[in-house]
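Trainee: Here the protein sequences come in this chain order: C and Y.
With this note's numbering as the guide, the letters of the first sequence map in order to residues 1 to 299.
With this note's numbering as the guide, the letters of the second sequence map in order to residues 1 to 233.
Just so you know, the hints here were simulated from the structure itself, not pulled from any lab data.
One or more hints might be untrue.
For lysine-lysine, the following BS3-like pairs were computed, each having C-alpha atoms within a straight-line distance of at most 30 angstroms [stated by the list, open to error]:
| id | chain 1 | residue 1 | chain 2 | residue 2 |
| --- | --- | --- | --- | --- |
| 1 | Y | Lys-8 | Y | Lys-55 |
| 2 | C | Lys-66 | Y | Lys-55 |
| 3 | Y | Lys-221 | Y | Lys-186 |
| 4 | C | Lys-191 | C | Lys-255 |
| 5 | C | Lys-255 | Y | Lys-177 |
| 6 | Y | Lys-8 | Y | Lys-128 |
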Amino acid sequence: MCGIVGLFLKKTEMQSCLGMHLERMLVTMSDRGPDSAGLAIYGVDHPQHHLKLTLQSAAPTEVFPKLEQAIISKFSQPININVIETHAVLQMDQAIAPAVEELLAQEFRGLRMMSRGESVEIYKEVGAPSDVARRFGIAEMSGSHGIGHTRMATESAVTTRGAHPFSTGPDQCLVHNGSLSNHNNLRRDLKRHGVHFETENDTEVAAAYLSHHLASGLTLGDALEGALMDLDGFYTFVFSTRTGFGVLRDPIACKPAVLAETDDYVAFGSEYRALVSLPGIEHATVWEPEPATVYFWEH
Amino acid sequence: MSVFDLQKQSLRELNAALHQHAALLRAGAHADTDWEITNPRGSHAVAVGVDGPLKINIQGSVGYYCGGMNQSGQIHVHGSVGPGVGENMMSGSIRVTGDASQYAGATGRGGMLVIEGNASSRCGISNKGMDIVVRGNVGHMSAFMAQRGTLVVLGDAGDALGDSIYEARLFVRGDVKSLGADCVQKEMRTEHLELLAELLETAGILDVQPAEFNRYGSARKLYHFDIDHADAY
């Protein structure tokens, strides 16, 4: 089935509670997907011109210390490494990012890059949503917006990599409820254009499709309109960028979607009950997004 | 009157209590017929399987399948409902003050569902004899494969209304974005105006006239399939 949650804060007051709200929303959706879960948090307390890389390791206690050593020995500039369980967030000046990524590509091939961007951090693992959120201390995180996903795998295996969100471009994230039927074909097509894939997952294809078109110069709106034409299957997508947050449903719109908006936030849930603990929900405008219509909010 | 707070007690306890009291009524014993349910907070399956003339008021919005399989119960949701409200209703009534999500009144066999707000897609899908009245709009593919019963819409209908419809009757007062396969506009005759008047009265809607509605239904070429009609769809 899969469950999706999203929270986009219009003001700064609720930023310190972003993680807490997202965790609660996500855990409410556990019934929709027990396999694995993930969250993307867009932090606000990072310096300008910095890049964050969220890395995941299957052997974190072994590999992350080695990574820290390698970074200390190779780079004189400060590179912040924050290790949380199986993930590590590297933060560095954008200028040295290529060299750091080169190091990762050469000497740390076993590490998986979950996200890359100025503000986003992605945490995803196999396991129940409450466990995943607790392991990464999501409740303590703050930020301007974030999306979360609980998975019931249908098209590909239950693995860490198969969990959502998928990030295939800088600060870009996608979560998906539904399944695509032409993802193999699209993947072949995108590979021909030089796009690289890490999994067999259908959602990764949708994410890569959008990133590819954004990189080609299309606006996000046009990329999403293109997706309506080129993607076959059923989907409720929630995607996020460094500054924005949006929703798209396929034209048949079988997969659920509920939006709630107040002066303080825009919230998304696969089910209304994911939203009931949000402040001011009793007076929020609550509606279901129309099929084949792009909804987007930006800071 | 019994008050049931879903924040303090479980859904299972609620539904078990409703079933128990309906059973008492059927046995001719004393039972609580008036129920007030508070703090539903979007819970699913509230008041499903009610099987007796209980009056149930739900204060707040619910999730999926509220009042599913209702038989003889009178359920009033003072809020909005998720997908599948009144699914497979047999008799009785359900009223929703707010909006309804997808497939409201799916595959119902009897009784009346009134939605005072808007209903989403597939309203009245596979209707088997239920009456559905929507004050607002209905979404796409409403009355899909509807076999019997009626759908009355005071507002507009979305794309593909009545796709593959059998013999259910559709009355729409507003615009129909498009008609589904084998669904056509039909003549409003006296018997239809009378039927519609009765439905509106039962639904407690007194501010519109039957003559303001258009009737839609099956062209009867699809479910009486003839190879000569193959290019009709």
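Trainee: Report the numbers of all earlier hints that the structure fails to satisfy, in ascending order.
Mentor: Going through the list in order, the structure violates hints 2, 6 and respects the others.
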